[in-house]
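Q: Spelled out from the first residue to the last, the chains are:
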Amino acid sequence: MIIINELDLVLDDKLILNNISCKFPVSQVSIIIGRSGAGKSSLLRSIIRLYKYSGNIIFENNDINDYEVNILRKNIAYVGQIPIVFPGNVIDNLNFPGKKWNTVLTSDEIDRLLQIVGLSSNLKTQEASNLSVGEKQRLHLARALSLKPKVLLLDEPSSALDVISKQNFEELIIKLNENNPELTIIIVTHDLDQARRIGEHLILLEQGAVITESSKQDFFNKFISGTKDGTMLENIISELTGVKS
Amino acid sequence: MILPSLTAEDISLILFQLLSSTILLVIILFISKYKALNIGNRIITAGIRGFLQLLTLSLFLTYIFSITSIVYQFLVLAFMIVFGALTISKRIDVDNIFWLEIKALSVSVYVVMSIVTIIGAIPISHPEIFIPIGGMAVGNAMNISYLTLNSIKKEIDNRKDQIEAALCLGFTPELAIEELQILSTSLSTGVTPSMNNLRTLGLVFIPGLMTGLLIGGINPVTAAIYQIMIFFVIIAGGLIASIVASKLFIDELFDKETQNYRY
Ligand SMILES: Nc1ncnc2c1ncn2[C@@H]1O[C@H](COP(=O)(O)OP(=O)(O)OP(=O)(O)O)[C@@H](O)[C@H]1O
Ligand SMILES: [Mg+2]
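Those sequence lines, one after another, are chains Z and G. Start counting the first sequence at 1; every next residue gets the next number (my numbering). Start counting the second sequence at 1; every next residue gets the next number (my numbering).
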């Protein structure tokens, strides 16, 4: 469980996050949805203490400032918006975290990680920098999973993918959640249809503030009559804020 | 007057040297303008400064060389270190760069110079040898550590994303920089010019000190061994300065609390 209490974040003298309070239930998939610039990435980055904020973030009943920052980042994995690979091949990339944590993956573990993220084992010895963007994204995720985190923060994990790969990626997340009951997953997206397909808990961010937090079911029942696709996020936001966008 | 009087021969030599300098300066200015290098003003100020500094040095040299106390000689080195650190602090725009270079240059120069004087390779009773060699140690430690820090900063700027990805896996900035081979690449960038000099030693590059020793009538074998030792002084000193400076530099580049890159 992650609980956020009255979080303010100021970057370059700009108020980026404004009095955020919300929670992310343990072992569920939570969705943070919001338009571009709403502060979704900034919120995830605050949770792994890449920024100095005011307010509290509680992880497993302790303030995250009480953890050594490196330990915190081992337990809460963050997969950023742009996939990043390190020099070397796919295996080198999967073994990179071990250089900090003194672990070496067995070849079974490597195969298992590749299988979880849906990367072909033919790619094992391929230079990571030559992978396609979608493959890099999967590798980035596999590398994060190699540390067996308790929480997984995914920042628009499928933004670079086409529709089919996007749905494959969503299936991957759903399976990950089913197979790892202990794992809490937080996914950032600006795609209402994606939010409809995955996740149980939903937080809507607008201009650095939480404007709705509820179970996903309640959210869709309340704001979208029936199950038709195509309702715009903009409409929901203007209904909630009373401001026409 | 401290200045010795000039003979007619001296004067004509000075004129020829001024003339040559002018011709070479014109070539430099021409290239600078033609290739838009923007070094025109800098080279002129550097030239004038260099001349004035050397002139002052010559005037003080007689005095400095009369100082045989070891404490004073190490104080002269301290003076050089301050100016070395000042020079770098104007070239790299990072907080506390002056103080971290003071520390790095001091550790490097005092360690290396203590080794050679304690062993007796450089006679402390001969400031006319100790001071110029100390100056070489400071100057080269300054250059080498500057190249190293500059390369570290550039590599980090180019690979911010990878560093952040490593931080997100729980790496400390130091470890991220080491494991991404930024430190080793930069250390090698720092010493490469000096290593190149070492490799061409005697073939392309005839070092000033050895020339001086030979002119002074010293046995060529002695002069050669002397020169090799100087090279090790330079490279060992450069590496020590670079390593100390990098450590402090990396501490400065990253926030203590978030470990995030600050520049
Ligand atoms: N380091 C920073 N310094 C100053 N402003 C920043 C910084 N990082 C982000 N911002 C600003 O904070 C706001 C929120 O940015 P953030 O990246 O969190 O948005 P987002 O919701 O993730 O958007 P997107 O969907 O486009 O990724 C933006 O206006 C952005 O310009
Ligand atoms: Mg974002």
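FYI, nobody ran anything at the bench for these hints, they're computed from the structure. Please note that the accuracy of each hint is not assured.
[Unchecked claim] Result set (DSS-like, lysine-lysine): computed pairs, CA atoms no more than 25 Å apart in a straight line:
#, chain 1, residue 1, chain 2, residue 2
1, G, Lys-103, Z, Lys-100
2, G, Lys-247, Z, Lys-52
3, G, Lys-247, G, Lys-154
4, Z, Lys-99, G, Lys-153
5, G, Lys-154, Z, Lys-99
6, G, Lys-154, G, Lys-103
7, G, Lys-256, Z, Lys-14
8, G, Lys-154, G, Lys-90
9, G, Lys-153, G, Lys-33
10, G, Lys-103, Z, Lys-52
11, G, Lys-154, Z, Lys-100
12, G, Lys-160, Z, Lys-14
13, G, Lys-256, Z, Lys-100
14, Z, Lys-99, G, Lys-103
15, Z, Lys-175, G, Lys-103
16, Z, Lys-216, Z, Lys-14
17, Z, Lys-100, Z, Lys-166
18, G, Lys-90, Z, Lys-99
19, Z, Lys-52, G, Lys-90
20, Z, Lys-99, G, Lys-160
21, G, Lys-103, G, Lys-256
22, G, Lys-160, Z, Lys-100
23, G, Lys-90, Z, Lys-100
Q: Look at each hint and say if it fits the structure.
A: Do the hints match the structure? See the list:
no. : hint                    : in the structure
1   : G:Lys-103 <-> Z:Lys-100 : violated (29 Å)
2   : G:Lys-247 <-> Z:Lys-52  : holds (24 Å)
3   : G:Lys-247 <-> G:Lys-154 : holds (16 Å)
4   : Z:Lys-99 <-> G:Lys-153  : holds (23 Å)
5   : G:Lys-154 <-> Z:Lys-99  : holds (24 Å)
6   : G:Lys-154 <-> G:Lys-103 : holds (22 Å)
7   : G:Lys-256 <-> Z:Lys-14  : holds (22 Å)
8   : G:Lys-154 <-> G:Lys-90  : holds (17 Å)
9   : G:Lys-153 <-> G:Lys-33  : violated (29 Å)
10  : G:Lys-103 <-> Z:Lys-52  : violated (30 Å)
11  : G:Lys-154 <-> Z:Lys-100 : holds (24 Å)
12  : G:Lys-160 <-> Z:Lys-14  : holds (23 Å)
13  : G:Lys-256 <-> Z:Lys-100 : holds (18 Å)
14  : Z:Lys-99 <-> G:Lys-103  : violated (30 Å)
15  : Z:Lys-175 <-> G:Lys-103 : violated (55 Å)
16  : Z:Lys-216 <-> Z:Lys-14  : violated (31 Å)
17  : Z:Lys-100 <-> Z:Lys-166 : violated (32 Å)
18  : G:Lys-90 <-> Z:Lys-99   : violated (36 Å)
19  : Z:Lys-52 <-> G:Lys-90   : violated (30 Å)
20  : Z:Lys-99 <-> G:Lys-160  : holds (19 Å)
21  : G:Lys-103 <-> G:Lys-256 : holds (20 Å)
22  : G:Lys-160 <-> Z:Lys-100 : holds (18 Å)
23  : G:Lys-90 <-> Z:Lys-100  : violated (36 Å)
Of the hints listed earlier, those the structure fails to meet are numbers 1, 9, 10, 14, 15, 16, 17, 18, 19, 23, in rising order.
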